[in-house]
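Enquirer: So you can see what is in the structure, the chains are spelled out below.
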Amino acid sequence: MLLSDIALHLNLSFVGLDVELDSMNELALSTSTQLAFAVHKRYFSELESSRARAFLIPHNLVTHLPQNASYILCDDVSLSMAHVTKLFHKKPIEPELPRPVIGKNSIVDALARVENGAVIGADVIIMAGAYVGTNVRIGDGTIIYPNVTIYRDCVVGNECIIHSGVVIGADGFGFSHTKTGEHVKIYQNGNVIIEDCVEIGANCAIDRAVFNATIIRHGSKLDNFIHIAHNCDIGEHSIFVAQTGIGGSTKLGRNCVISGQSAFSDHLEIASFSTFTARSGVTKSIKESGGVYSGFPLMKHKDWKRLQVRIAKLNEEK
Amino acid sequence: MLLSDIALHLNLSFVGLDVELDSMNELALSTSTQLAFAVHKRYFSELESSRARAFLIPHNLVTHLPQNASYILCDDVSLSMAHVTKLFHKKPIEPELPRPVIGKNSIVDALARVENGAVIGADVIIMAGAYVGTNVRIGDGTIIYPNVTIYRDCVVGNECIIHSGVVIGADGFGFSHTKTGEHVKIYQNGNVIIEDCVEIGANCAIDRAVFNATIIRHGSKLDNFIHIAHNCDIGEHSIFVAQTGIGGSTKLGRNCVISGQSAFSDHLEIASFSTFTARSGVTKSIKESGGVYSGFPLMKHKDWKRLQVRIAKLNEEK
Amino acid sequence: MLLSDIALHLNLSFVGLDVELDSMNELALSTSTQLAFAVHKRYFSELESSRARAFLIPHNLVTHLPQNASYILCDDVSLSMAHVTKLFHKKPIEPELPRPVIGKNSIVDALARVENGAVIGADVIIMAGAYVGTNVRIGDGTIIYPNVTIYRDCVVGNECIIHSGVVIGADGFGFSHTKTGEHVKIYQNGNVIIEDCVEIGANCAIDRAVFNATIIRHGSKLDNFIHIAHNCDIGEHSIFVAQTGIGGSTKLGRNCVISGQSAFSDHLEIASFSTFTARSGVTKSIKESGGVYSGFPLMKHKDWKRLQVRIAKLNEEK
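Chains as they are written, first to last, in the numbering used here: chain V, 9 to 326; chain F, 9 to 326; chain E, 9 to 326.
Take the hints with a grain of salt, since some may be wrong.
Because identical chains share one entry, a pair is satisfied inside a single copy or across any pair of copies.
With a straight-line cut-off of 25 angstroms between C-alpha atoms, the simulated DSS-like cross-links for lysine-lysine are [said to hold, decoys possible]:
id: 1; residue 1: Lys112; residue 2: Lys94
id: 2; residue 1: Lys321; residue 2: Lys308
id: 3; residue 1: Lys313; residue 2: Lys292
id: 4; residue 1: Lys313; residue 2: Lys295
id: 5; residue 1: Lys193; residue 2: Lys98
id: 6; residue 1: Lys112; residue 2: Lys98
id: 7; residue 1: Lys94; residue 2: Lys292
id: 8; residue 1: Lys292; residue 2: Lys321
id: 9; residue 1: Lys295; residue 2: Lys259
id: 10; residue 1: Lys313; residue 2: Lys187
id: 11; residue 1: Lys310; residue 2: Lys321
id: 12; residue 1: Lys292; residue 2: Lys308
id: 13; residue 1: Lys292; residue 2: Lys310
id: 14; residue 1: Lys308; residue 2: Lys112
Honestly, the hints are just simulated from the structure, not real lab data.
Please build the complete structure, drawing on both the sequences and the hints.
Expert: Put into structure tokens, the structure is as follows:
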């Protein structure tokens, strides 16, 4: 898509040479064929060093653009960005793609749908009512239980177990907001990558990334009803007990253990080998590995235990 | 159905002229063809002014009936009401209805089921494994992702996005209780109405009303795992972050923002432009619009922040 | 399967006569054809009185074995046990079994899958997209709404209502752990038994037992998003409000009422007629029946109410 066409769609003017673009990305990760966007002046250094050649940008950042950059001037970059994501959004199905490739010894129930462009490994079982979307790749030895949904372009590794009702790759929850209080969808054009030996319990939902990928790394195990928001990166061999939710772009190290009904804010970084007891509410990043935490607001588990004793004492006072 | 037949089913006597009834409703909303019921004497003024002509009623309220009313005398109105809801419950499928109408340019996967009596608009996509029940109406440009379920008689507007695993119109959770501790189902004979431009995240559940409708109004956006109980009315452009639950008959104004893992009791009224931080537990109605709230019990967000500091100080004391 | 074959698979030596085994079970429940395992010396009396004849056992417990027992010596019994569960795990589908038996007046949608070996009662409705696994049994008059999944070998009683998105019999969440932090799946070879007149709300998940059964007893009612972990035993006529989770092996008495977003730890025993208000967090067993509880940590409801007042007062202090 040409930058000039995007400007036309936005009804905004563009400056510089016209550029052919294949997708959009956040500033720090954009390549020369991707449209970048800069929302706030605190990102000016990322802007100056960006590899992108085309930008959505507010007036006050134009002087920080790399040399020879092309750009569209936006009053509200966030809103323009949302509108542009729709232009790069892929259709949910593409019947014109080649028929799916099914590996040796794999079984696909006649009541499962595997869309065109999908590539399924060997010794895979895809049970009735499962949905495997366009261009999805599934590794060897994985089992997809009934009524699982895997949205287009997602990747599931080898020896995974995906239980019924799991939804992999639904849209992350992202909107820009108009001045009159309407919410404009930021189309989620990334995907989900599930590495090898991951087990995902019944009725979990792992959202696709807005750009790039949501990742569940090797050997992690999810109990039922786990919510993983867009762009999370879950480290190897982590464990999630039921009804826990992880906010967008949060990154966990390896071998974290998260007990039931816990919740994490978005954009956190959590050190490896961290443990969280039930109903932990995590709102800040954790740098030191190996800690044990509890409560909301979160604290060291031993502090939380002492605090509960002291809170209980309030009731004993006259 | 005749009131006399209902009395026969309940093994109770009826008083007055026999009346033909087409459904049941709560007292304040009943029309002349609906069976009304009055449980408690605090509703006597609603009873006196009711447009209904047929009632389930306890002995102590008979004198408050409108003139010429017909009625069935009940020892336990709540229990009798539950039994009657079953009589008005519609069958889950009606093969004898006309074949569904599918609008122009709409795509229905061969592995989706659209029941008879359904009317689907133009430019709709209904993907594999989706279920669209009897008499369901879906507007133009809406996408129903795989393995969505829409129960009979529900309505989905234009330009909606319904993600996989969503269940629209399952029964609300309502029971009357016998003296021996058994729970008698109150059949949920209402529906769900989703207005235009609503997006519903993976694995949400929006229950049908017991009578009338559960409503999600224009432009509201739901993240994953949202629970909306029967008879809720969710205002325009509201936002629900993951794993939040709303109790029955609770009514939210427009542009409310509810963060993750929050919960609302039933029968609340929440003013427009209210914001709730993560894990809010809301048990009382809110009349003033534009407030920001936190905690359980709920309080103003700034009070909650101060309280957390003070609670933390308990741990510093010797 | 011969004990000698299991030892070979584990690369461990076995002692005693070879024994033919048909399954595995926990120590206290093992029969003479089941492989038992003893992890810790605190179980030595159960070991001495066990009816099992074959054991996985650590060195320090050998002297407590019943006479003539055969055994495999394990450095890490828990890990060996996990490996053995895989040997006894049944295939997800068995096409060679007889075609399902469907009772009188029952309706199975052409887009539902009922696997071989299943037995469906009379007057059952199985709607589109539902999955009924190998050897599942369903009683009379039960309705299975669209996109329900019932895994193999599970049992659903008479007059049950199973709403869309429910998953019955997915694997419980159980792993043994290697010294390098990997999680080895304990295959869940038990099932789920749903007794008569149970209603299960949209998108609930009830996990199958590791050994034996997870049980939901007569007349219990589950709202949406209820998580019941493996090996729970839920008493008659209990009520679960939305988004509640019950940990593994927890046993509830009859007529318990659990309000929304509550959670129970694993291995608890809860007395009959116990009531829990919203967001209760239950970590200890309750022996006295009829109590009302709140909070996390849990306390008597009246104490919790008083405590909230006292906590709120912290904010009034200068």
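Enquirer: Using 25 angstroms as the alpha carbon limit, work out where Lys193 and Lys98 are close: within a copy, between copies, both or neither.
Expert: Intra 14 angstroms, inter 37 angstroms, cutoff 25 angstroms: intra-copy only.
Enquirer: If the cutoff is 25 angstroms on CA atoms, where do Lys112 and Lys98 land: within, between, both or neither? Let me know, please.
Expert: For Lys112 and Lys98, the Cα distance is within 25 angstroms only across copies (21 angstroms; inside one copy 30 angstroms).
Enquirer: Can you tell me if Lys321 and Lys308 fall within 25 angstroms by alpha carbon in one copy, between copies, both or neither?
Expert: Cα proximity of Lys321 and Lys308: in one copy and across copies (20 angstroms, 15 angstroms).
Enquirer: Can you give me the call for Lys313 and Lys187, within, between, both or neither, at a CA distance of at most 25 angstroms?
Expert: neither (46 angstroms within a copy, 29 angstroms between copies)
Enquirer: Measure nothing new, just compare the shortest in-copy and cross-copy C-alpha distances for Lys292 and Lys321 to 25 angstroms and report within, between, both or neither.
Expert: between (29 angstroms within a copy, 19 angstroms between copies)
Enquirer: Between the shortest in-copy and the shortest cross-copy C-alpha distance, which are at most 25 angstroms for Lys292 and Lys310: within, between, both, or neither?
Expert: Answer is both: 18 angstroms inside a copy and 19 angstroms across each meet the 25 angstroms cutoff.
Enquirer: Measure nothing new, just compare the shortest in-copy and cross-copy C-alpha distances for Lys313 and Lys292 to 25 angstroms and report within, between, both or neither.
Expert: both (20 angstroms within a copy, 15 angstroms between copies)
Enquirer: How would you classify Lys295 and Lys259 at a CA-CA limit of 25 angstroms: within, between, both, or neither?
Expert: Classified as within: same-chain Cα gap 12 angstroms, cross-chain 39 angstroms, threshold 25 angstroms.
Enquirer: Treating 25 angstroms as the Cα threshold, decide for Lys94 and Lys292: within, between, both or neither.
Expert: neither (32 angstroms within a copy, 40 angstroms between copies)
Enquirer: Under a CA distance limit of 25 angstroms, which applies to Lys292 and Lys308: within one copy, between copies, both, or neither?
Expert: both (13 angstroms within a copy, 22 angstroms between copies)
Enquirer: When no copy is specified for Lys308 and Lys112, does a C-alpha distance of 25 angstroms or less occur within a copy, between copies, both, or neither?
Expert: So Lys308 and Lys112 fail the 25 angstroms test inside a copy (50 angstroms) and across (59 angstroms) alike.
Enquirer: Using 25 angstroms as the alpha carbon limit, work out where Lys310 and Lys321 are close: within a copy, between copies, both or neither.
Expert: both (17 angstroms within a copy, 15 angstroms between copies)
When each numbered hint is compared with the structure, violations occur for hints 7, 10, 14.
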